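J.: Heads up: the protein sequence lines correspond to chains A and Z, in order.
So the mapping is simple: my numbering equals the position in the first sequence, first residue as 1, plus 18.
So the mapping is simple: my numbering equals the position in the second sequence, first residue as 1, plus 1.
Worth double-checking, as some hints may not be accurate.
Computed, partial: chain Z to chain A, Cβ under 10 Å [to be verified]: (1) Trp33; (2) Asn34; (3) Ala56; (4) Gln60; (5) Leu61; (6) Leu63; (7) Val64; (8) Ala66; (9) Lys67; (10) Glu68; (11) Arg72; (12) Ala85.
Below, in silico cross-link-like pairs of lysine-lysine (DSS-like), each with a Cα-Cα straight-line distance of 27 Å or less [unchecked claim]: (13) A/Lys152 <-> A/Lys21; (14) Z/Lys123 <-> A/Lys146; (15) Z/Lys43 <-> A/Lys148; (16) A/Lys148 <-> Z/Lys117; (17) Z/Lys128 <-> A/Lys152; (18) A/Lys148 <-> Z/Lys74.
For the record, the hints were derived by calculation from the structure and aren't laboratory data.
Quantities reported herein were computed from a predicted structural model and do not represent experimental measurements.
Where is the CB? At the ideal position from N, CA and C, for every residue including glycine.
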Amino acid sequence: MTKNDALARMLTAMADDALIQGHRNSEWTGLGPIMEEDIAFSSMAQDKIGHAWALYRILQEELNGEDPDSFAFLRNEKDYRCCHFVEYPNGEYDFSLMRHFLFDHAEAIRYQQLRESTFAPLRPLAEKLKGEIKYHTLHANAWITQLCRAGDESYARMQSALNICFPLALGIFEPDQEAGTILEAEGIYPGETKLKEMWLDRVYNLCAAAGLNLPAESSVTPEYGGRKGYHTEYLQPLLEEMGAVFRSDPQATW
Amino acid sequence: MDQPQYSLDPRVNRLQLRESGEPVEVQEGENWNSFEVFHQEKRGAHHEHVGCVHAPNAQLALVFAKEQFARRKKCVNLWVVRSADILAFNAEDEDMFANNAEKTYRDASGFKVMEKINQFKKSTHDKK
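One chain only, chain A, in its complex shape (with noise of 0.2 Å):
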């Protein structure tokens, strides 16, 4: 494998989970609690699509990478990289907001190691997506943070979608041997390892601040199979009705 190759997979998967992640926030659009929270979902949801296009950029100027578009809707099940977290139905609030919360610190961990990243146009795009990110995070953090506090029902089913989320959640961090190899020889980036402890450290912190027992990492089996093609049932009628439009007419201009 050539570092390009590994730079190719690495940039897949970051920007597969921005769309897929960026695709099911959307749902909440016109659904959305109250009309504030609609609308701070709803654009936050397309900031995650920005980024993925901002990737599939990356993958077409350096890496030899399709046309954005076709990329991003026409491929096969199989050839996406997405960690299955991103893939699972919106559910109830308390799991979007649960998984909103732990993606995005995860978001924020890895563009903020990629802003000293050797591969150069990783920096100005993790220092372009920043202040976004560091939107997203304050949302999650405060709505956690208040739903924890409102009464014991609230409290109890933050809870319980946070340990529905982990085992999902350590699939962000799924390794990849061969391209991690690579890219951290390199100094890319630091790998999916040390991303994951210092998401760990983050996160433990900000759950203990809200009352919320985050479960230990070998108490759980992380859910894995995503970054090698492997997906749940949920991906396919996504990508089906995240396509529909795009397929009816692939020659159009947008």
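On the provided structure of chain A, position chain Z as indicated by the hints.
T.: Leaving out everything else, chain Z in the frame of chain A:
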């Protein structure tokens, strides 16, 4: 017992209003509040009132205000203030603000200096 009237809006739902119309006591913090939002366009500029958001507390009001009022327009900061914390005069006290007829000299709009300034500018320019 009447069925509570449910609404999709949590601010309404939480009060558990009943059809019999018996009075409901609103506890502080139980119901959501309105917050007035003030938008600052650049550092050092004054904050301008732009609208309001509903939220359970000031922190979430600020989080909401960011998307409602800072997304489409340049913004460097926001303030939120609970609408209930704003003290204002009653509408019927508006007469307090009326100036008496003989005090028009107090109206800044009454000064006609611009004409004089322009005249002065013109005269100094002509001299050069």
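J.: Take the hints in turn and mark each one as holding or not.
T.: Here is what the structure says about each hint:
1. Trp33: 8 Å, holds
2. Asn34: At 12 Å from the nearest chain A Cβ, asparagine 34 of chain Z fails the 10 Å test, so the hint is violated.
3. Ala56: Given a least distance of 7 Å, the restraint on alanine 56 of chain Z holds.
4. Gln60: 5 Å, holds
5. Leu61: Holds, because the Cβ-Cβ distance from leucine 61 of chain Z to chain A comes to roughly 5 Å (cut-off 10 Å).
6. Leu63: 8 Å, holds
7. Val64: 5 Å, holds
8. Ala66: 8 Å, holds
9. Lys67: Check passed: Cβ of lysine 67 of chain Z comes within 6 Å of chain A, closer than 10 Å.
10. Glu68: With a minimum Cβ separation of about 4 Å from chain A (threshold 10 Å), the hint on glutamate 68 of chain Z holds.
11. Arg72: With Cβ-Cβ at 6 Å, under 10 Å, it holds.
12. Ala85: Cβ of alanine 85 of chain Z sits 18 Å from chain A, so the hint is violated.
13. A/Lys152 <-> A/Lys21: Violated, at roughly 30 Å.
14. Z/Lys123 <-> A/Lys146: Judged against 27 Å, a Cα distance of about 51 Å means the pair is violated.
15. Z/Lys43 <-> A/Lys148: Holds - the C-alpha atoms of lysine 148 of chain A and lysine 43 of chain Z are around 20 Å apart, at most 27 Å.
16. A/Lys148 <-> Z/Lys117: The hint is violated at about 53 Å.
17. Z/Lys128 <-> A/Lys152: Violated: lysine 128 of chain Z and lysine 152 of chain A sit about 60 Å apart, past 27 Å.
18. A/Lys148 <-> Z/Lys74: Holds. Lysine 148 of chain A to lysine 74 of chain Z sits at ~19 Å (cutoff 27 Å).
The structure shown violates the earlier hints numbered 2, 12, 13, 14, 16, 17.
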